[in-house]
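Undergrad: One-letter residues, chain by chain:
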Amino acid sequence: MKKTECVAMLLAGGQGSRLGVLTQRIAKPAVPYGGKYRIIDFPLSNCINSGIDTVGVLTQYQPLELNDYIGSGKPWDLDRSNGGVHVLPPFQRSKGADWYKGTANAIYQNITFIERYNPEYVLILSGDHIYKMDYAKMIKQHKEAGADCTIAVLEVPMEEASRFGIMNCNEDGSIYEFEEKPKKPKSNMASMGIYVFSWKKLKYYLEQDESNPKSSNDFGKNVIPSMLSASEKMQAFHFNDYWKDVGTIDSLWEANLDLLNPKIELDLQDPNWRIYSRTPSAPPQYIGKTAKVQNSLITEGCEVYGKVDFSILFENVYIEEGAQVNDSIIMPGARICSGASVQYAIVAENAIISKNAKVGERPENTSNLQKWGVSVIGAGLTIGENAEIHANVMVTQNIEAGEKL
Amino acid sequence: MKKTECVAMLLAGGQGSRLGVLTQRIAKPAVPYGGKYRIIDFPLSNCINSGIDTVGVLTQYQPLELNDYIGSGKPWDLDRSNGGVHVLPPFQRSKGADWYKGTANAIYQNITFIERYNPEYVLILSGDHIYKMDYAKMIKQHKEAGADCTIAVLEVPMEEASRFGIMNCNEDGSIYEFEEKPKKPKSNMASMGIYVFSWKKLKYYLEQDESNPKSSNDFGKNVIPSMLSASEKMQAFHFNDYWKDVGTIDSLWEANLDLLNPKIELDLQDPNWRIYSRTPSAPPQYIGKTAKVQNSLITEGCEVYGKVDFSILFENVYIEEGAQVNDSIIMPGARICSGASVQYAIVAENAIISKNAKVGERPENTSNLQKWGVSVIGAGLTIGENAEIHANVMVTQNIEAGEKL
Amino acid sequence: MINNLVLGIIFPNVHDDLLSEMTANRSMGSVPFGGRYRLIDFSLSNLVNAGISKVGVIAKSNYQSLMDHLSSGKPWDLDRKKGGLFILPPYGNGEARVYTGHIDALQGAMNFINNSTEQYVVMCDANVVSNFDMEAMIDSHIKTGADVTIAYKRGKLPKNHRDIMSFQFDENSRVTEILLSNKIEKDCDFSLDITIIERNMLIHLIEEASSRNQTNMVRDIFQPNVKNLKIYGWEVKNFAAVMDSTKSYVNVTEELLKNPTARKQLFTSERPVLTKTRDDMPTKYGLSCDVSDSLIADGCIIEGTVKSSVLFRGVRVSAGAIVENCIVMQDCIIGKNAHINHVTTDKNVVINEGTSMCGAPSYPVFIKKGTNV
Amino acid sequence: MINNLVLGIIFPNVHDDLLSEMTANRSMGSVPFGGRYRLIDFSLSNLVNAGISKVGVIAKSNYQSLMDHLSSGKPWDLDRKKGGLFILPPYGNGEARVYTGHIDALQGAMNFINNSTEQYVVMCDANVVSNFDMEAMIDSHIKTGADVTIAYKRGKLPKNHRDIMSFQFDENSRVTEILLSNKIEKDCDFSLDITIIERNMLIHLIEEASSRNQTNMVRDIFQPNVKNLKIYGWEVKNFAAVMDSTKSYVNVTEELLKNPTARKQLFTSERPVLTKTRDDMPTKYGLSCDVSDSLIADGCIIEGTVKSSVLFRGVRVSAGAIVENCIVMQDCIIGKNAHINHVTTDKNVVINEGTSMCGAPSYPVFIKKGTNV
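Residue numbers (the numbering used here), protein chains in the order written: chain A, 8 to 412; chain B, 8 to 412; chain C, 358 to 730; chain D, 358 to 730.
No wet-lab data here; the hints were simulated from the structure. Hints are supplied without guarantee of correctness; some may be wrong.
Computed list of lysine-lysine pairs in DSS-like fashion (alpha-carbon distance at most 30 angstroms, straight line) [said to hold, decoys possible]:
no.: 1; chain 1: B; residue 1: 228; chain 2: B; residue 2: 147
no.: 2; chain 1: A; residue 1: 139; chain 2: D; residue 2: 500
no.: 3; chain 1: B; residue 1: 139; chain 2: B; residue 2: 221
no.: 4; chain 1: B; residue 1: 139; chain 2: C; residue 2: 438
no.: 5; chain 1: B; residue 1: 81; chain 2: D; residue 2: 704
Everything numeric in this text was worked out from a predicted model, so none of it was measured.
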């Protein structure tokens, strides 16, 4: 039997409920990002660029769009006779059926899948982060250190450390302690949720974990702590480049606009580290005579006749003459009508902002800065003429003309 | 939006528990058949040959092997940019998650999938039958009759009619009554479980059915009867060619050996109606000097040095010199050692029948003909030297040398 | 269903000489057009959108870039087990030589045509840009019982094209006369070189003509047989243009910028124009950029001024640069404070910092692939 | 990982003349072999099984059947976005002409080679049948620091092959002498024409040689430079055969039947020989059939006698027919009571009812494609 050195397992099952209306009908990894990508493009592209061509994607929440998006894996060069990308939903066995109970259980339920490739290592990834990372380097370090588990860590500002899972390390990089959201963090090394395991070890601990009825079957809460307490060799792998968790509306908005920030290094056009995506067939973008576009990302299929500043337009967005879009993200097929203004907002797929409607507010214009935040218009909704949507509102149904929210 | 005339939905979720050890780790539609096929090759090939290129495959039981087998749909020419074959497992929504409760519920849960293609008609298929059928003819009749639902029916011997769902029809082919396994059947027109629905009607009845908490959400038990009682236009479509339900060990065995019966018309080599399958890379079959092969189907990768008569060998089967195989089905990778004899049996994948072991019995050699039946050896099992497996035994674990069962 | 009823054939090389500057290292079919396409994409998409699932491309020379572009046919959903895309280059078998006209091109592909089972054939030249309902044209061909149906456009004749047919019709759109004069000044009905014919009739006509060593389909088959063959016209009312010179290539592009209806008809979502993707990121508009009235593909970085121009994928317009009335092909770099006007640059051209190049509306300048100016 | 480190190049046409009967309408690479393969499958599978993911096939003539066989490269997992399979036919660009030797073939593909980024190149001729661990050969090339490593086999020299090298080595397997005599009678170490070289060095050597109008890689590059270049040999211990005549083609096939070790080495499941599938059903053995010592592909129907023969896909042996010591290619029909012995039939041959054809072991008869006997 042919051996595959490393199989990647991508946890894409979470609902991402903090993204609210954006993940009502799609799984979080399928959320659009950066003008023509989906969040999942990043781990998938990282895999193929790192030479990992066998990837299992674990799904259970609203997988239809994600399944179709992944398809045969062609856009990421992951359609292979041996290996390639496989979507792994939960399933029924001859004795009973289970949804995935936790991250570790999801892997446990797919042991058969992993064993078919007879791997030395298993790489655990999640579908919630925007970053470019060479997993091959991490696997190399894992091998060279003779580790049982290697965890990618990122330095975070000390004051934010208590929001993360923190790894406390010895000088040689070995981890002696893991604290989940510690009140008094001892270090600022946050786990990125990216693990390399030696497969034999992982299999042992997954089986142990499964037989413990009290476990919540989660990597961070159960598997990593029990490996630590059994003194397995755990190493930290340091990562210093751009990394962003896009778990909240504000962080998703920020991560998008980071692409417009010349100080932030996230080059999506690097020929040595392409980020691949499945793109629809759309004509070139047309920028009309009346348009004024600055500091923005715009993609094919868009037509722009209004003003666009510091914003990201996905495919087939239509900005009418006299419309204005600032500091916003406009997802595929949305239309901003004449006289409408969209600021500090995310407008989801195919939404329509009618004439003279206003969506979102600049922080400096808000009465209560404490309550300020990015506004979100759900997919396919219509905001009526002259309606006003204030800051920090999540719109989940059509808004009548003139209404204020 | 582009319109697809007809979307096919293939119900492949059942466990097929009557196939016992053969479906312990794989779904029934993935059971090998005919030397190089799987059961699901028949409905999939029928679809593409009928010009239907959009197929949803509903799975929930042990789908890993089936998913991999279907893959991108390439072997059936069903890897399409628009349409193609899609595997549809159950999933979680923002409010709750459900396994497929019944055949109708499985379709109900995938209304979103169907609606994306905006079809006029939906064809419901199952993955349990061996037959070649031009669905285009059935859809044509459905259209011309202006029917709401067309059900494919087959004439069965009157004495067996009470085992089937029986359609009672008027002279014009319209169905006035449906009886599930009637004790006193009024006709011998059995439903083949193949339905064409006008999508709007089906959607309406699926939603009605779903809102009825007493319904078991099954086409035969609920949806068809309620359409009939509402006087919707239901037509029968007559089918006269080879059709075989492979739901039991005996019928699976029979359906295989039918391929060797010159009186039975099931041509798998017809250039106008190819049955496609995903085939592994194996060298040509080698028939050795000591071999004696008659009236059998043998495929690539086999090596035969013994006697094979009235049998079907799948890929990479090895028959040693001095071994004897009669009236049997030997699935991929199995090995029959020298001196062993296999008769009236199904030997599943990678099983080993050791030296001088005996598996199965001829009906004429059985003491009690009432209890006679085909014997089955489960996948990967070893039958020890000189062991004897009598008729009608399903072997689910390794058998020691000399043991008798 | 059109599927399995009609075979498509594209001639990617037949008019290479008309765009000689752009076809020095590529076939007509692989000339870039419209910001993100190659000319062959339009013919291929028309065929595929009409439901045709088997297409032969009869190549002659300079077709390596065409092969790279078409590869397995996946973007057009033509990577099929049955049918799909067939590239038929010269020396591929005993028959195929480097051809000169449609007749010997078809003669070289006779094996392919003979072994097909489709009843009809649609043949397209690659220098036509249009997006129309070819299925309707096929239906009309079948309904009228025509021997040959040829798509035509009403308008001014493309004058550089020596072999362009213009038609006279009777009241049923049957062609009564075929003219090959390029002197016609007023609007006329000229051929788009998209032709439907029964496969068996095509085989017969080609064999007849080859046996007489004839090579020119228009002069040797259609014109002499206008009375014997039932030739019908099918008017393309949508935007359609025949490229017959570098200047007409520029004019057609300008038309797309000026005329929103033309753009809408060519880029309708009903029948998308399909092409190979390139994994570019969205185009980045810088802080100081000034862009208007332009068609722009993905992967560009624009920090300067772009007006009434078409930018292909991966073009970089540096700060202070001005690009007006230009067609800038893939991966060109316009340096700081450079200024180009009425210029067409082929792929990978670099306009250095501060350089100025200026054509005239009546005489656009063309800069060859890979040049550093 | 070999991936992205080594580029593969196959010459499917270079020795067409050696199998002239079988290459009348196809390239050497598409000659059927071993029941279900084409010769090129062996080179391609060796490359792919070594982890190479970019392969160029430099075609010359008669390559339409080769293109159909290779199509998108899917069976070899070579339909990639990065790398994959590239067919490089003549007239594809300004450089590529109909070549005569390896040097001008490579010269015509220079764009492809230049634009690749791999450090090494493995070149294979298509008339060699073997299945060996090419990854180990590549590792050895890197470890020894050789300029060139050539795979060789110890045994009797294939005598019809004019340009076949035999080697003398020093104790480190470095080649000290290259002989081109085909008079050598005893066992020698002869080349399998599978060559590893650094890409940049290859480019340099080819440019040098072309500038002198040289075309023959063996005579013009390797032989004169045996002292300047560090040329190493790498012995293939597995079964390996060079096809240099129709007779040797038959002999190699016979060897596969006679020698279980050869069969096992060629068809190991560790490194499967990959080929295009055809959707045939399993082979049907009739009631009265008598089959022994034969390699048989799927899709056959056998009602007669088959002994010591190879049947390709879709062959039909009718009742009463006898096939002995034969190679019967795809879709041949052997009629009732026909008898053939020591005969090789190309594709689609029909042997009519009762007909008898008989070659000798030393002189097998060959029947051309599509013949009705």
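Undergrad: Given the hinted pair residue 139 of chain B and residue 221 of chain B, is their alpha-carbon gap at most 30 angstroms?
TA: Violated, at about 36 angstroms.
Undergrad: When you check the alpha-carbon spacing of residue 139 of chain A and residue 500 of chain D, does it fall within 30 angstroms?
TA: Distance of about 33 angstroms is beyond 30 angstroms: violated.
Undergrad: Regarding the pair residue 139 of chain B and residue 438 of chain C, is the alpha-carbon distance no greater than 30 angstroms?
TA: holds (20 angstroms)
Undergrad: Residue 228 of chain B and residue 147 of chain B were given as a pair; does the straight-line alpha-carbon distance stay at or below 30 angstroms?
TA: Holds, because 26 angstroms separates the two Cα atoms, which is no more than 30 angstroms.
Undergrad: Take a quick look at whether residue 81 of chain B and residue 704 of chain D sit within 30 angstroms of each other, Cα to Cα.
TA: holds (27 angstroms)
Checked against the numbered hints listed earlier, the structure breaks hints 2, 3; every other hint is satisfied.
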